[in-house]
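Student: Here are the chains, one letter per residue:
There are 2 protein chains.
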Amino acid sequence: MDLSVLYDAKSYHMPLAERIAERINQLIIDQKLTENDKLPTEFELMEILDVGRSTVREALKILVARNVLEIRRGKGTFVSKNPGINKDPLGFAYMQDKMRLAHELMEVRMQIEPWTASLAAQRATESDMAELCGYCAKVTDMDLSEALHREADLAFHDCIAHCTHNQVICNLTPIITHAVTVFSDISERSVRIKTRISHQQICDAICARDSQAAQRAVLAHLEANRENWEKMAR
Amino acid sequence: MDLSVLYDAKSYHMPLAERIAERINQLIIDQKLTENDKLPTEFELMEILDVGRSTVREALKILVARNVLEIRRGKGTFVSKNPGINKDPLGFAYMQDKMRLAHELMEVRMQIEPWTASLAAQRATESDMAELCGYCAKVTDMDLSEALHREADLAFHDCIAHCTHNQVICNLTPIITHAVTVFSDISERSVRIKTRISHQQICDAICARDSQAAQRAVLAHLEANRENWEKMAR
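These protein sequences, in sequence, are chains W and U. Start counting the first sequence at 13; every next residue gets the next number (this note's numbering). Start counting the second sequence at 13; every next residue gets the next number (this note's numbering).
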């Protein structure tokens, strides 16, 4: 059950810093270090791994580049919030045809998000619901700036994922929802009122534990999104 | 429609090498460089970006760590096969409870993969079908070693995703299927005959353009997988 077995076979061909990065990575996993946990110092790592300072530094840089670690000046090296998850894990930035990407992404969202909402309606705890209502209220605040509105919108969708208590859904949701904000960039203002209504419907359905209604509300929300950016594209 | 806008706001607080890495990244996107395309030399990058050699090197290392670039000794720096996609993009390695992960991952696969197969049945071209049958034949070859069998199995599942002609599904599928191989590690031999039959059923359904049958066949395949590792876990 150890994911490291997947990588070991390849590790002999890796440069030293890369191999040491993998070992530090394994150390994090074995010692169950999580968000905000502090890593041993460079000197301690040199001792533990029996390598020189420059190799440890190279290895730490690799893990920072991969978002496993973050360096806080003067404080040390810490495990990142979502270790190993970068800001564009499916490589959307490298896809040339953004209109095609928007279309394909929407197809995937239509399959995953209504289902996610129905699971959320079945599994949300009382405190999950309170949190969801909080985010929903934020999104419906029409006085928010565009940036804050978007942030609240994403937090709302992440919270729905959180209500499922499935970590894979939690990690997957930001990837497929956050990228889409790019396409709603220009249309944001015009859809804001619609968004407010549909968010309230989703929130109400989940809090009423009505998984069918939650599914329908998310589907309607996505349909409205799609119509909007298809109109924009024409 | 430019994903880089998401990152620009943050870039002022980044270290120089990180900012230069982002600019090289943007260069790759703007110049539409893809797999196996060669990057300008270090010297050319120094000129283009107006920074010193050590900064260019640091930046390149960051992009290698993120799997955007790969260095081929004596040949130069090239764009990776799936730029920006690392081997564990959802951070499964950092999840402590692997049994829970297996369970949650299966829940997500059950939602996505039967649907993927139904899209594949609707959209596969003649050449897609030929390719799929090729991988299917490989998986059914009982004389293959365990490693080669697994490789053929993953290629078969990737090929189904490819038949949908949706790039997001193509990039998402390996993430949710490849991780699962970890759990079938020990059980591989006992399920091999079952796997052979269900792969053939999936392949036949897609080639017959029967999306309902394709969906059912994948669901049955996943059910068998689940039963198998739940039995193992007890």
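Honestly, I wouldn't trust all of these hints.
The list treats identical chains as one, so a pair stands whether inside a single copy or across any two.
Keeping only pairs whose Cα atoms sit at most 25 Å apart, straight-line, the calculated SDA-like set for lysine to any residue is [to be verified]:
| id | residue 1 | residue 2 |
| --- | --- | --- |
| 1 | Lys206 | Glu54 |
| 2 | Lys110 | Arg228 |
| 3 | Lys99 | Thr46 |
| 4 | Lys44 | Arg162 |
| 5 | Lys99 | Asp170 |
| 6 | Lys73 | Gln123 |
| 7 | Lys44 | His115 |
| 8 | Lys73 | Met58 |
| 9 | Lys110 | Arg65 |
| 10 | Lys87 | Met122 |
| 11 | Lys44 | Leu160 |
| 12 | Lys110 | Glu47 |
| 13 | Lys44 | Tyr147 |
| 14 | Lys243 | Asp222 |
| 15 | Lys73 | Lys206 |
| 16 | Lys87 | Glu138 |
| 17 | Lys73 | Leu234 |
| 18 | Lys50 | Arg162 |
| 19 | Lys243 | Ala149 |
| 20 | Lys110 | Asn48 |
| 21 | Lys73 | Thr152 |
| 22 | Lys206 | Ile41 |
| 23 | Lys150 | Asn48 |
| 24 | Lys93 | Arg112 |
Note that these hints are calculated values from the structure, not bench results.
Student: Each hint should be assessed against the structure and marked as holding or not.
Tutor: Outcome of the hint check:
no.	hint	in the structure
1	Lys206 with Glu54	neither (53 Å within a copy, 50 Å between copies)
2	Lys110 with Arg228	neither (27 Å within a copy, 33 Å between copies)
3	Lys99 with Thr46	both (19 Å within a copy, 20 Å between copies)
4	Lys44 with Arg162	neither (33 Å within a copy, 29 Å between copies)
5	Lys99 with Asp170	both (15 Å within a copy, 23 Å between copies)
6	Lys73 with Gln123	neither (38 Å within a copy, 37 Å between copies)
7	Lys44 with His115	between (39 Å within a copy, 20 Å between copies)
8	Lys73 with Met58	both (15 Å within a copy, 21 Å between copies)
9	Lys110 with Arg65	neither (44 Å within a copy, 34 Å between copies)
10	Lys87 with Met122	neither (44 Å within a copy, 44 Å between copies)
11	Lys44 with Leu160	neither (34 Å within a copy, 33 Å between copies)
12	Lys110 with Glu47	between (33 Å within a copy, 18 Å between copies)
13	Lys44 with Tyr147	neither (31 Å within a copy, 39 Å between copies)
14	Lys243 with Asp222	neither (32 Å within a copy, 33 Å between copies)
15	Lys73 with Lys206	neither (45 Å within a copy, 45 Å between copies)
16	Lys87 with Glu138	neither (37 Å within a copy, 59 Å between copies)
17	Lys73 with Leu234	neither (40 Å within a copy, 39 Å between copies)
18	Lys50 with Arg162	neither (32 Å within a copy, 37 Å between copies)
19	Lys243 with Ala149	neither (28 Å within a copy, 45 Å between copies)
20	Lys110 with Asn48	between (36 Å within a copy, 22 Å between copies)
21	Lys73 with Thr152	neither (41 Å within a copy, 44 Å between copies)
22	Lys206 with Ile41	neither (44 Å within a copy, 34 Å between copies)
23	Lys150 with Asn48	neither (27 Å within a copy, 46 Å between copies)
24	Lys93 with Arg112	between (31 Å within a copy, 20 Å between copies)
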